[in-house]
Structures are given as C-alpha cells and as structure tokens.
Amino acid sequence: MVLNPLLNSPSLTVITGPSGVGKGSIVKKLLERHKEIWLSISATTRAPRNLEIDGEHYYFLDRESFKKLVHEDGFLEWAEFAGHFYGTPRAQVQEQLSNRRAVLLEIELEGARQVRNSFPEAFQIFLAPPNFVELERRIRGRATDQEEAIQKRLNRARDELKAKNEFDAVVVNDDLDIALSEIEKLMRLS
5 MVLNPLLNSP
15 SLTVITGPSG
25 VGKGSIVKKL
35 LERHKEIWLS
45 ISATTRAPRN
55 LEIDGEHYYF
65 LDRESFKKLV
75 HEDGFLEWAE
85 FAGHFYGTPR
95 AQVQEQLSNR
105 RAVLLEIELE
115 GARQVRNSFP
125 EAFQIFLAPP
135 NFVELERRIR
145 GRATDQEEAI
155 QKRLNRARDE
165 LKAKNEFDAV
175 VVNDDLDIAL
185 SEIEKLMRLS
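Here my numbering = 1-based position in the sequence shown + 4.
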C-alpha cells in the first residue's frame, strides 16, 4: 500500500512538471512496477477518438453534465482546453482511496494548484529537468511539433519551472531510473 509520507494514510499523489520532462515515462514505469496504484482517469467533453473506451481512457461527458459536476464541486481540478473541458472526477478518486488504494494524478501545473486547494492532503511531486538546455533538447527530439509550438512549450516551461518550490518534493529527471527510484521512495513504494 502506498502511504502519504505526510499523513501515513492511503494517498493521492500528484506528479507535475513541464512538457518534455518525462512525466509520462515515469508514470508508465510506476504503473508497470506497482499494480496497486490506480491512475486517475480524467473526464472530458470532447468526443472519443478511435479505440478510446469510456471509463478506461476518459469519462466522456456532455457539456451540461460536466458543468453540473463543476457546480457540485465534483472535480478535484478542471480546465477548458481547445474548446473542451477536462477534469479529475472527485468521486472516483475518493472511492479508490476509501478502498485503501493509492491514487496517482499526472496533471499540469494549474491542475496541481487546484488540487492543492481542493484536496490539500495530496502529496505533490514536481518533476524537473536537469537544466533548461536538456529540456529543450527533449522537446525538439520528439520531432512532433512545429517551431511555433516548440517555442510555446519552452515559454510555458520557463514559467512552470519557477513554481517548483510550491511542491512537497522536487525530483530531477536526469536519469529515468534514478528519478523513478526517488519517486518510489517518496511514495514509500520501495
């Protein structure tokens, strides 16, 4: 069982950091190595893409249902992006925690800040690059974005890195295995 290092109880752990820092890779390895962790599933108002399954990839909601949940404080965090709403449903997270299962959220900075207000007992980890030059190399190495999109990611990353001291822990992802080990220790998995 994963315990919140601050409370000694089943925990909600938030992992955030700038684009390209390796959040997805860390989370994937955590889930492969620790089957007891439940990765929170977001809700969205966008239509399912090919092969996406409701309740597995996302909870697909219409705008009215989503807005109703917002009004009822049904999300730990939520945002509008590209004309669609996205959020972390509170009920599913609380259900997993009440079943004594650790919950992991991989979210962006603004979502992490919202969770800090809506669920202050969550343990929040900021994943940082070893330096900005390496972060830029990783983002460019993806070869998936045009220069304008790369510049937007880099500008956003500069702002996000300024927020790292807001978090309970900062882990530098210079080496994936070392960063994973540090996160496992923080989450009391090792």
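Fair warning: there could be bad hints in the mix.
Unchecked claim - With a straight-line Cα cutoff of 27 Å, these simulated DSS-like cross-link-like pairs (lysine-lysine) come out: (1) Lys168 - Lys71; (2) Lys27 - Lys39; (3) Lys39 - Lys156; (4) Lys166 - Lys32.
Hints were generated in silico from the structure; no laboratory data involved.
- Query: Which hints, by number, does the structure contradict?
  - Reply: 1, 3
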